[in-house]
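Enquirer: Residue strings, one per chain:
Protein chains: 2
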Amino acid sequence: MRPQRKPQARQENTADIPFYRKLIGKGAQPAALKTAVVMPVDERSLKGAVEAVHKDMIMPVLIGPEDEIRKTAEEHSLDIGQLEIEDCANEQEASQRAVELAAQGRVEAIMKGHLPTHILLKAVVQESQLRTGRNMSHVFALAGKDYPKPLFISDAALNIDPTLEEKRNITQNAIDLFRCLGFGTPKVALLSATEHVTSDIPDTIEAAAICKMADRGAITGGIVEGPLAFDNAISKKAAEAKGIKSKVAGEADILIVPDLQSGNMLYKQMRYLAGYEAAGIVMGARIPVILTSRAATTPTRLASCALALMVAEQGAQERREPVEIEKRL
Amino acid sequence: MRPQRKPQARQENTADIPFYRKLIGKGAQPAALKTAVVMPVDERSLKGAVEAVHKDMIMPVLIGPEDEIRKTAEEHSLDIGQLEIEDCANEQEASQRAVELAAQGRVEAIMKGHLPTHILLKAVVQESQLRTGRNMSHVFALAGKDYPKPLFISDAALNIDPTLEEKRNITQNAIDLFRCLGFGTPKVALLSATEHVTSDIPDTIEAAAICKMADRGAITGGIVEGPLAFDNAISKKAAEAKGIKSKVAGEADILIVPDLQSGNMLYKQMRYLAGYEAAGIVMGARIPVILTSRAATTPTRLASCALALMVAEQGAQERREPVEIEKRL
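The listed protein sequences correspond, in order, to chains A and B. For any residue, its number in our numbering is found by taking its place in the first sequence, counting from 1, and adding 525. For any residue, its number in our numbering is found by taking its place in the second sequence, counting from 1, and adding 525.
Be a bit skeptical, because a hint or two may be false.
A pair holds if it fits inside one copy or across any two, identical chains being indistinguishable in the list.
For lysine-lysine, the following DSS-like pairs were computed, each having C-alpha atoms within a straight-line distance of at most 27 angstroms [what the hints assert, rightly or not]:
(1) LYS647 x LYS767
(2) LYS772 x LYS580
(3) LYS767 x LYS547
(4) LYS647 x LYS559
(5) LYS596 x LYS580
(6) LYS767 x LYS712
(7) LYS647 x LYS572
(8) LYS770 x LYS712
Derived from the structure by calculation, the hints contain no laboratory data. In this text, all values refer to a predicted model and were calculated from it rather than measured experimentally.
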């Protein structure tokens with residue numbers, strides 16, 4: 526038996542990823558983003574917040590058990606002397622408080638610290654003042670060396686099995702993020718297992734439907750194409766071999782996955798085997814929600830803050846006016 | 526109360542419809558089509574067959590109760606002296622015999638006389654030698670004065686509630702017919718209640734999916750667009766008002782209806798209120814099946830024969846090699 530190939534270890538030092546450097550640079554604005562940081566009670570999340578302060582990216586309100594936050598700071602020599610703290614007993618309370626501050630306009634973004642995603646998002650979803658006409662969705666901005674540009678993936682974290690209309694919103698949210706970053710018009714690939722439209726795989730039908738929605742103006746700002754298999758989406762050669770003529774095939778900027786399971790596997794494969802780093806943000810609420818995983822490195826957290834900052838600064842108008850899907854029967 | 530507007534009576538004399546004149550002219554080939562005429566036991570169906578013989582379009586085998594056929598001929602002064610008759614006791618037997626002759630290659634087309642459509646088609650469907658890789662579907666070729674060109678409608682007669690793959694075949698069958706007639710590349714509108722893609726109306730999703738199937742080469746020979754509402758499909762002005770940019774919108778040659786109910790209402794409205802005549806043919810079997818309604822006029826029957834003749838002559842190759850929908854997973 527041949528020995529199993531060990532998965533390549535994830536690179537811890539990601540400060541050197543050019544895309545993130547660029548992002549972080551872009552995000553260093555004079556007006557730091559007032560941000561509720563929920564449960565910064567471990568080194569990674571508190572350090573991410575503190576580093577973002579140093580970069581003038583955010584002005585945080587640290588929300589959580591004050592003694593735990595202070596203890597974490599002390600243990601890891603993080604200076605939080607100047608930072609505002611709101612004492613909350615637990616994850617639920619802290620999430621609730623962050624959402625309240627956002628609803629009152631006292632913070633412009635929410636950043637997840639050391640707590641399960643669903644607890645924070647439950648609070649966000651339940652606050653009607655943070656809702657838009659769209660459902661919320663998560664976007665990863667991945668950066669690595671095997672593809673000539675950053676790759677955005679959505680939704681690999683939030684919507685488990687989205688409906689057609691939710692997929693439309695997911696697609697629009699990702700396009701909006703891309704545009705907020707000043708990258709122009711993205712090429713959006715709607716992924717499925719195959720580029721053939723067949724009722725054997727309902728996702729392929731929905732992908733085709735989303736393309737037509739884009740043709741009809743129900744999705745704007747991006748060039749949308751699908752269904753595409755992963756190879757067709759990122760390899761021009763593979764697309765040509767399959768005879769696919771499309772402006773998107775082979776050079777996608779955004780990959781829309783059919784469901785959370787496939788998206789989760791895809792981004793984890795890219796992150797843990799291919800050495801990609803994944804900054805993340807939730808779009809579709811009235812304010813950006815910075816949602817890096819608990820294991821995210823500082824540069825990734827900073828890149829995520831940068832995403833939020835640029836969305837808040839440049840994209841506020843678009844996000845606050847959700848595209849209406851007209852139904853003229 | 527205002528008096529109800531009376532529906533305009535259907536015009537009986539349709540010999541003057543230029544499209545049908547043209548079709549019938551095209552169909553008058555030196556080699557008449559050997560055709561099984563099933564149950565020509567009323568004036569309309571027997572006269573249609575006899576007229577088609579006079580035009581050198583078909584060479585019929587009249588199949589049905591011989592005494593009834595002869596009695597009909599006598600009563601209506603139709604000369605059937607030279608025509609072959611196969612004596613069959615009833616509709617089932619006559620249908621079965623027609624299909625046998627077709628399977629043996631002794632006839633090149635089947636023409637429906639005075640019997641219910643489903644009895645004839647049941648026999649056709651059950652004969653494996655007449656099957657192709659596609660399902661059968663019916664195409665109407667309508668001609669009238671309110672639209673600058675003939676309009677093909679499918680499927681308003683055969684498939685009640687087709688699946689995505691059946692709709693694909695329906696679309697391909699209609700395109701094939703159009704091309705067999707030498708009309709070039711048709712503009713195909715996939716009709717629905719609205720041009721917006723929405724899961725509220727699953728037909729709109731399937732229409733979008735069929736467009737993408739065409740992009741991927743699973744449908745060939747036509748320009749396919751949908752979903753389109755009826756107005757968008759046939760009126761450029763309506764399409765422009767809705768902001769639809771498409772080569773098909775406003776100038777469709779072929780209308781693919783989402784299901785039999787809507788198609789039936791549509792073609793009947795065109796036929797009985799708008800004065801259109803509807804020649805008809807079934808595509809997707811190894812031979813064309815001429816399937817005019819029992820009330821069809823002689824010119825319509827002749828036009829239908831012409832369709833069959835041109836399909837048999839010019840389109841045999843395409844029909845016999847069904848496009849394979851490849852599934853490369």
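Enquirer: Which hint numbers doesn't this structure obey?
Expert: 1, 2 and 3
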